[in-house]
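**Student:** Residue numbers (my numbering), protein chains in the order written: chain W, 490 to 865; chain R, 490 to 865; chain F, 490 to 865; chain V, 490 to 865.
Bear in mind the hints are in silico, worked out from the structure with no lab data behind them.
You may find that some hints are simply not true.
Pairs count within a copy or across copies, as identical chains cannot be separated in the list.
[As the list claims (entries may be wrong)] When the alpha-carbon atoms are kept at most 25 Å apart in a straight line, the in silico DSS-like pairs for lysine-lysine are as follows: (1) 729 / 502; (2) 759 / 638; (3) 520 / 502; (4) 717 / 641; (5) 729 / 706; (6) 542 / 493; (7) 502 / 609; (8) 759 / 502; (9) 708 / 641; (10) 731 / 493; (11) 706 / 641.
Number of protein chains: 4
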Amino acid sequence: LKNKINVGLIGHKFMGKAHSHAYRDINMFFKLPFQVVPHTLCGIGDDLEETAKQYGFLNTEENWEKVVSNPDIDVIDICTPDSFHRDIAIAAAKANKHIICEKPLTVNYQFAREMRDAAKAGGVNNLCNFTYRGVPALRLIKRLIDQGKIGKPYAVKMQYLQDFSISPQFPFVWRMDSALAGPGIFGDKGSHLIDMTRYLLGEFDSVCSMSQIFIDKRKDLATGEMRKISTPDCAMFLAKLKCGAMASFELSNMAAGRKNAFLIEINGEKGSILFDLERLNEIKYFTYDDPPEQRGFRVILATEPEHDFIVNWWPSGHVLGWEHTFIHQIYGFLRAISEQCENESNFEDGAQCQQVVDAIVLSNQRGQWVSVDEIR
Amino acid sequence: LKNKINVGLIGHKFMGKAHSHAYRDINMFFKLPFQVVPHTLCGIGDDLEETAKQYGFLNTEENWEKVVSNPDIDVIDICTPDSFHRDIAIAAAKANKHIICEKPLTVNYQFAREMRDAAKAGGVNNLCNFTYRGVPALRLIKRLIDQGKIGKPYAVKMQYLQDFSISPQFPFVWRMDSALAGPGIFGDKGSHLIDMTRYLLGEFDSVCSMSQIFIDKRKDLATGEMRKISTPDCAMFLAKLKCGAMASFELSNMAAGRKNAFLIEINGEKGSILFDLERLNEIKYFTYDDPPEQRGFRVILATEPEHDFIVNWWPSGHVLGWEHTFIHQIYGFLRAISEQCENESNFEDGAQCQQVVDAIVLSNQRGQWVSVDEIR
Amino acid sequence: LKNKINVGLIGHKFMGKAHSHAYRDINMFFKLPFQVVPHTLCGIGDDLEETAKQYGFLNTEENWEKVVSNPDIDVIDICTPDSFHRDIAIAAAKANKHIICEKPLTVNYQFAREMRDAAKAGGVNNLCNFTYRGVPALRLIKRLIDQGKIGKPYAVKMQYLQDFSISPQFPFVWRMDSALAGPGIFGDKGSHLIDMTRYLLGEFDSVCSMSQIFIDKRKDLATGEMRKISTPDCAMFLAKLKCGAMASFELSNMAAGRKNAFLIEINGEKGSILFDLERLNEIKYFTYDDPPEQRGFRVILATEPEHDFIVNWWPSGHVLGWEHTFIHQIYGFLRAISEQCENESNFEDGAQCQQVVDAIVLSNQRGQWVSVDEIR
Amino acid sequence: LKNKINVGLIGHKFMGKAHSHAYRDINMFFKLPFQVVPHTLCGIGDDLEETAKQYGFLNTEENWEKVVSNPDIDVIDICTPDSFHRDIAIAAAKANKHIICEKPLTVNYQFAREMRDAAKAGGVNNLCNFTYRGVPALRLIKRLIDQGKIGKPYAVKMQYLQDFSISPQFPFVWRMDSALAGPGIFGDKGSHLIDMTRYLLGEFDSVCSMSQIFIDKRKDLATGEMRKISTPDCAMFLAKLKCGAMASFELSNMAAGRKNAFLIEINGEKGSILFDLERLNEIKYFTYDDPPEQRGFRVILATEPEHDFIVNWWPSGHVLGWEHTFIHQIYGFLRAISEQCENESNFEDGAQCQQVVDAIVLSNQRGQWVSVDEIR
């Protein structure tokens, strides 16, 4: 085994920053048999050089194909807009690089299967970074469910609410153009909810969706022109899960006052669990195991040594931030490389998620229930 | 105008108790030009006499028709199971009695129209007691919406969650038999959510529903036999509102830890509002009117003199309970009688609500979107 | 035993209203072997007649001595300003009437002992109405402590915060004149905290206090003149309890945004408990009995059948209001009369509380620790 | 100006880790005219080499004097037990190194003045790292107070509650020995509260304290012997502030369920503010500027671009963790070096804080109020 892992990161904006930070900190907090090296930052723009220096990369490159083909590089990390994921990932797989790809894996199920199959053919480790799997509090929810603490799940409610584009003055961005963003909010926010549902409770059976565009034109700051919006501002959908639970979902970029509200409620036969990403160190948990007079939703601060990842960080009660989740996810990926085994949250998960996204988009078009199996 | 109003109350169980309490207290806290007299309590059971004494009624009667035809009685209050509402209300209207009817108004839209039309023909005041219209905090929400504080509504989320029947040992009750309970949870809990939506935001356009029975047999304590359950334990539905908002709803009798969680979230273009009946004196309100650095959901304790009904009760911060809502609703009804005008929350509201319930039931059967207009 | 209990209520303002409501409702919700009759309302003011009618009293009287000497009256209930409590109570005791007296029992420990001794000598039941002992959630706290759930208490924090007089425009009221109000906020709010501490944890050893008058003159609305304020707006004190716990207290009429915040935190060797009167149906409870990964403060909604008094009211989750506490306290008093035994929260409790109040007032003057035993 | 700043860090345990992380990340998120280099890690123990590698230091050293005298090193960062702070800081100042010293500055006011004077004489930048000044939410509180939003402060309540040593099985640690830890919890937790009070509201006038040791012997894991505890487990004190406000404080290592609860409440004439470090991205704020019917405590998530430091991190709603505060504090220090000006939170602040600590310790011994001026 090598004592260094060189990373080529493609995409130097928001997600590129979050991933870069993970590479910077991971060896300080987590034991790995190799040093993780931010080797090459790939992106387009005048700020690439300065960004690379700021993020601690040794090299820059504007052409992603050169990064993929660089023999010094061990891991390709894809943080581009969604529509570029497929080509890069398939090329990386062919070049036998391990691959990290930001969620959603891509823009449709067909592409997702191609990526999954390419990674499998290449024999490389692959991570579709559903980063909230790295939240210790959410992993505690997973643990409680797996231990049977809530019993058979009855009702699942998940929302991902932000308000960043609520002002009509908020400009046109690429995520509002379905040509670039594919299913838009269904892919962007929806994939988070779908993956978390799958992670906690298993597969989807069928879905029924509706959506709206509340502000249909916005100014493109690059051109000064008003551009038509082709992806929804907000969506809601119902789902039936294979475990027998009913589920309801909401996605919004225009929920006033909600800044990063990834909200979960799961009601089961033996208990209930709640979560809000704006208080990401906490869960609320109700169990009938408590004596009747003492029952209530307890607020568990998931920063104890008993909770996942916490011993690597700080003492009890010293809360973690949003960015730590990337370190946890990438740690799982790198550890799997070092142990030559599969990591969780891989392209198979990305593809399964994409199938559900496609079903929702189709339901949204049809105004009818759609079975996930219909998507092939 | 008379100086006494004699009330004949039909039904002496849970709702009968809540209404009786309202009659007992109303003259102490609210100015009316007449004394409200709990005149006759009508019900079936060995406990009727004792209950009447406990509740302060002067007389008892087992036959509701005699109550309706009693010339001394001014107001007929119907607190029976839903399937009896229609016959009693129509008879009362014909006898020119003012009528209070617990929600849901009845078991289907056709019956509801008959009741509405009978009340109109009888020229009597009529109240369909959607009691949560009497919560001061919810009236504050209404006021904020009417003042334009949240602007155009984008997304509405309403849930009514309890857990009373989550145990398989919980016995069979009449609400679980569709023959008696009609649309079951859709009428019982659903009508609360639908009416509150209508009260705050106006009419429904179309709906799409699903539901489940998680425990399909329960013991009938009267017979000791296991009986089949024919009304849902839990339901979810989407709706499109005529105001342009998307809406999502959930009803459950099996949501672990949720004791009386009538939850509301409304996101609009200028702000958002939240409510939870378990903390019924509070709302949460977010507005962009605040300076950017100071924005947040504020918890408003709606017990200030500026809030509806509060000056009739106690000083600021001395919180009200669930039962007060009945006093507020019945006060509105009686005041309207005294002023010879219409009260809000009347049979027209009850009928409109029932139309939506029927649409949801139909959607639930069909597994498809149903337009409310289709229900006639 | 008589089948009617006639109550003579002296004082027809805020507390008079709360007590009147209790008499009105008590027979509906609680089983007693007698009917409670609001017999005579005693007060001074043009509104007495109308108030008596509104509250349901049969008679009115301006002279309290006539009420006390009226042979038809069984219970004397004292809701006057504090400085009148002693004379009325002693006269009532001599007339062998059962006595309810609002807290604080009186204005100093000496008077309190006289009242206690007179009641004892008269052989009458006596209640010093520390009304928060009637909050089901607070009784749950008592139960948990008595069951040893928090173990040895280490730290106690109690606050009673309101903001009613924070505006300089808020007028002079009798509570701001030490001649009428005695120890002012120490008696008014302080007695609530002291009694609750005694109720939950036992006796005080010593205290150390400070206080402030932030607004030293206010307009007397009766005369239009500015009057000097002689009782504190806000006070803080430390205490050592005989159980070994340290305690800290705060009283304020000028805590911005705090409407009726009677806040409690108790940390013990095995757990902690929190309470806020603005959410009076809830407590928060932390216990090390939970598995490490599941520990957290649980919010217990104390409206279950297992909680005190709840079965007399409504189903689970149908929250109670502030006024219910009076019914619970007066029920305990009346039941004790019917069972010819002592009730809790009696004049002995009132006197013990007064002794601590006096110690605090003395400490406040001296700027030093004062032992409660020093007060005789 | 140099393009590199070499840091010599003395102490490689908890605080050493937190500071090391700050050096690692600071250049990625904050613009400085130089690269910050973790140059030498100084500590005692077999794990020094490995820790240095993990933290990214280039060198190790067991003798702090060699670090201080190393001409390559620009900044000395002191993370040792409190009793070593003075000697190291004075030596560093004499060697003309810029100095960071963890709080509390030292173990008594006399030593603190010597350190302050030495730093002044050496002409070096100096930071006493009261790290919570780096919490964006707390800086928002500071801003609101400075803008006059709460007006004249009336009442201040600060608590620092943890439960780490509540179990009698928790072993003896150096902080429990007054010979090493000086004033113990008064220095450790107390200094945090005192500095925050000074930061937000200014100077202390006088204090009155009490404290307790609840568990008086614990096992020394090194020797297996039971050792006597000489520092308090818990303390409470009152204070009068020069601004006129009353203040109350609590410090505890044995508050069940409180993991890292640095709690603040400030009530002023125009508003109130609350804070809890366990939810460190939030404050609660009440203002009378809101219309009466809309008033309430708003929960402000201090992760907007308008809040301090946030633009350097992530988009709105992507919450920060505890460790970020060190980066913010050290950034302020390093920027001041680069701009050749004074930084805030310096040794003068550390000394002022120490004076109050000494007054509290003296009050605690005497059982009396002590004026801060008495400490010289």
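**Student:** Run every hint past the structure and note whether it holds.
**Tutor:** To see whether the hints hold, each was checked on the structure:
1. 729 / 502: neither (36 Å within a copy, 37 Å between copies)
2. 759 / 638: both (6 Å within a copy, 24 Å between copies)
3. 520 / 502: Result: close only across copies, 17 Å inter versus 28 Å intra.
4. 717 / 641: between (45 Å within a copy, 21 Å between copies)
5. 729 / 706: between (34 Å within a copy, 22 Å between copies)
6. 542 / 493: both (20 Å within a copy, 14 Å between copies)
7. 502 / 609: neither (29 Å within a copy, 43 Å between copies)
8. 759 / 502: Cα proximity of residue 759 and residue 502: none, with 44 Å in one copy and 30 Å across.
9. 708 / 641: between (48 Å within a copy, 21 Å between copies)
10. 731 / 493: For residue 731 and residue 493, the Cα distance exceeds 25 Å both inside one copy (43 Å) and across copies (59 Å).
11. 706 / 641: Between copies, since 17 Å is at most 25 Å while 45 Å is not.
Checked against the numbered hints above, the structure violates hints 1, 7, 8 and 10; every other hint is satisfied.
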